[in-house]
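For the protein sequence lines, the chains are X and C, in the order given.
Per my numbering, the first sequence starts with residue 1, numbered consecutively.
Per my numbering, the second sequence starts with residue 175, numbered consecutively.
Heads up, a few of these hints could be off.
[Claimed, not checked] With a straight-line cut-off of 30 Å between C-alpha atoms, the simulated DSSO-like cross-links for lysine-lysine are: (1) Lys11/X / Lys63/X; (2) Lys6/X / Lys221/C; (3) Lys98/X / Lys31/X; (4) Lys152/X / Lys63/X; (5) Lys11/X / Lys259/C; (6) Lys259/C / Lys152/X; (7) Lys259/C / Lys6/X; (8) Lys221/C / Lys259/C.
[What the hints assert, rightly or not] If you only want the chain X side, here are some residues facing chain C, beta carbon under 7 Å, derived: (9) Val10; (10) Met18; (11) Ile30; (12) Ser32; (13) Val37; (14) Cys101.
Derived from the structure by calculation, the hints contain no laboratory data.
A quick note: this is a predicted structure, and the numbers were derived from the prediction, not measured.
Even glycine gets a Cβ: it sits at the ideal position worked out from N, Cα and C.
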Amino acid sequence: MSGGCKTIRVKNRLGELMRRPGGIRRTQAIKSASQAVETLREVYVNSIPGEIGELEAIAVGGKGRLSAEDINAMLDRAGRLLTLSGTFGYELLDRVVKRFCDFAGAMVEKNIDDVAPIDVHLRAMRLVCPGAADLSEDEADNMLKGLEKVHKHYGIDGPKPEVPKSEAKQPSAG
Amino acid sequence: MEEALNFSQLTALVVDSDRYSQGIVTQILRGFGLMRQNLASTGTDAKKLLLGSHYDLVITECVLPDMRAAELVRWMRRLTNPAVKYMPVVMLTGYAQFSNVTAARDSGANSFVRKPVAPAVLFDHIAWSAKMDRPFVEADGYTGPCRRFKFGEPAPGKNRRKTDSQNVESQDVKQKATDKQEELVTP
Chain X
1 MSGGCKTIRV
11 KNRLGELMRR
21 PGGIRRTQAI
31 KSASQAVETL
41 REVYVNSIPG
51 EIGELEAIAV
61 GGKGRLSAED
71 INAMLDRAGR
81 LLTLSGTFGY
91 ELLDRVVKRF
101 CDFAGAMVEK
111 NIDDVAPIDV
121 HLRAMRLVCP
131 GAADLSEDEA
141 DNMLKGLEKV
151 HKHYGIDGPK
161 PEVPKSEAKQ
171 PSAG
Chain C
175 MEEALNFSQL
185 TALVVDSDRY
195 SQGIVTQILR
205 GFGLMRQNLA
215 STGTDAKKLL
225 LGSHYDLVIT
235 ECVLPDMRAA
245 ELVRWMRRLT
255 NPAVKYMPVV
265 MLTGYAQFSN
275 VTAARDSGAN
285 SFVRKPVAPA
295 VLFDHIAWSA
305 KMDRPFVEAD
315 GYTGPCRRFK
325 FGEPAPGKNR
335 RKTDSQNVES
345 QDVKQKATDK
355 QEELVTP
């Protein structure tokens, strides 16, 4: 094919199958799915401290310096934590892990290999991890401000703006 | 009244190396009534499963241990088997990987869901793929669902564009928009 563009009308097999009788309405489907996810809560939430431990192990293994490979491995692990914190409603942990991801991503871009700021984020995760003592609003605020200071010190921008929920609901085109 | 959608007839392939995300997506699909699911942790495993079994839907994480999901989707879109080539693909993207969305979109995925996956969002994306009759485009740099489409009817009111005639009736505006949409999907 050179410079050409072919448009093909494709049979929507998915649509055909899903319009067959015996389906489920949106409200009921979401309710059933939420209940099904809830059955995972105990096991999955209990694994959060272990996941933070995996991040700590990578940081310790770096012996004061972290390679881009180490940081990417940590980002991969942090993605798992975000899945857990986001799904099961650990909002403060979610915010700390997102700060960590912002920082770690920028470390790779700026060739920063210092493990100290990573340690600060990991300690913050421990503070807000399920099972840890509840922080007051002021304590939580101070902790997040502390992380912000670390970001500023290394010349890294603040947190990315959150996608409004109304936008997140709209399917995005491929 | 909400339209009922039947998930029980579908077979899905979930590709994700994150066991938590895999478990959550699996449970969400079960809640929808989609019981026939296979799991893969790598792109290579996914390719083997796609060639060996029949699926109606693929839900894949954007970054796999052995390849980007964009590579998996491009491979699917190049196959001659229409069941795989035109299969709807929902791509999941993590917080730290959001910059990969452009590359993933250009690979020919149907839609994108940001992690953590919420039941309502996944339902809407699958339902959208089921309801939208999007043609497929095969061009030099892209093979996948056509990306030129509209949601619903054109915006109400007259003279929304500089090129609209001053006195044109609202109905004519709608008709022109429909004609224009046809032009766009059939180059």
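Now for the hints, and whether the structure bears them out:
| no. | hint | verdict |
| --- | --- | --- |
| 1 | Lys11/X / Lys63/X | violated, 57 Å |
| 2 | Lys6/X / Lys221/C | holds, 26 Å |
| 3 | Lys98/X / Lys31/X | holds, 28 Å |
| 4 | Lys152/X / Lys63/X | holds, 24 Å |
| 5 | Lys11/X / Lys259/C | holds, 12 Å |
| 6 | Lys259/C / Lys152/X | violated, 47 Å |
| 7 | Lys259/C / Lys6/X | holds, 15 Å |
| 8 | Lys221/C / Lys259/C | holds, 12 Å |
| 9 | Val10 | holds, 5 Å |
| 10 | Met18 | holds, 4 Å |
| 11 | Ile30 | holds, 5 Å |
| 12 | Ser32 | holds, 4 Å |
| 13 | Val37 | holds, 5 Å |
| 14 | Cys101 | holds, 4 Å |
When each numbered hint is compared with the structure, violations occur for hints 1 and 6.
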